[in-house]
Amino acid sequence: MDTPEWHKFVTVKLENNEVKVGEKPIDYYGSLINNYEIFNKEYIKGGVNIE
Numbered sequence: 001m002d003t004p005e006w007h008k009f010v011t012v013k014l015e016n017n018e019v020k021v022g023e024k025p026i027d028y029y030g031s032l033i034n035n036y037e038i039f040n041k042e043y044i045k046g047g048v049n050i051e
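Under full-length UniProt numbering, read the sequence shown as residues 1 to 51, first letter to last.
Source of the hints: derived by calculation from the structure; they are not laboratory data.
Careful, some of the hints might be misleading.
What the hints assert, rightly or not - Straight line, CA to CA, 30 Å or less: simulated BS3-like cross-link-like pairs of lysine-lysine:
#: 1; residue 1: K8; residue 2: K20
#: 2; residue 1: K24; residue 2: K8
#: 3; residue 1: K41; residue 2: K20
#: 4; residue 1: K24; residue 2: K13
As the list claims (entries may be wrong) - If you anchor each label on the Cβ, the simulated ranges turn out as follows:
#: 5; residue 1: N35; residue 2: K13; range: 19 to 25 Å
#: 6; residue 1: N34; residue 2: M1; range: 30 to 36 Å
#: 7; residue 1: M1; residue 2: N35; range: 25 to 31 Å
#: 8; residue 1: E37; residue 2: F9; range: 20 to 26 Å
#: 9; residue 1: V12; residue 2: G46; range: 35 to 41 Å
#: 10; residue 1: S31; residue 2: K8; range: 18 to 24 Å
#: 11; residue 1: D2; residue 2: G22; range: 15 to 21 Å
Ideal Cβ positions, reconstructed from N, Cα and C, are used throughout, including at glycine.
From just these sequences and the hints, can you work out the full model?
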């Protein structure tokens with residue numbers, strides 16, 4: 001079993017030609033239902049046609 005301090009996401013990004021390493025808690029993103037409703041309003045309204 002992993003220790004609690006290992007229970008996280010490790011983030012890596014390239015910024016100004018330098019590699020930056022960070023971390024985020026596993027539950028950093030909040031509620032899935034609320035985020036879906038905020039960022040997918042067109043789908044909920046039925047205004048997006050995927051073909």
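Hints, one by one, checked against the model:
1. K8 x K20: Judged against 30 Å, a Cα distance of about 16 Å means the pair holds.
2. K24 x K8: holds (6 Å)
3. K41 x K20: Violated. K41 to K20 sits at ~33 Å, over the 30 Å cutoff.
4. K24 x K13: holds (13 Å)
5. N35 x K13: 19 to 25 Å: holds (21 Å)
6. N34 x M1: 30 to 36 Å: holds (31 Å)
7. M1 x N35: 25 to 31 Å: Distance hint for M1, N35 holds at roughly 29 Å.
8. E37 x F9: 20 to 26 Å: Hint holds: Cβ distance 23 Å, inside 20 to 26 Å.
9. V12 x G46: 35 to 41 Å: Distance hint for V12, G46 holds at roughly 38 Å.
10. S31 x K8: 18 to 24 Å: The hinted range 18 to 24 Å holds for S31 and K8, with Cβ atoms some 19 Å apart.
11. D2 x G22: 15 to 21 Å: holds (19 Å)
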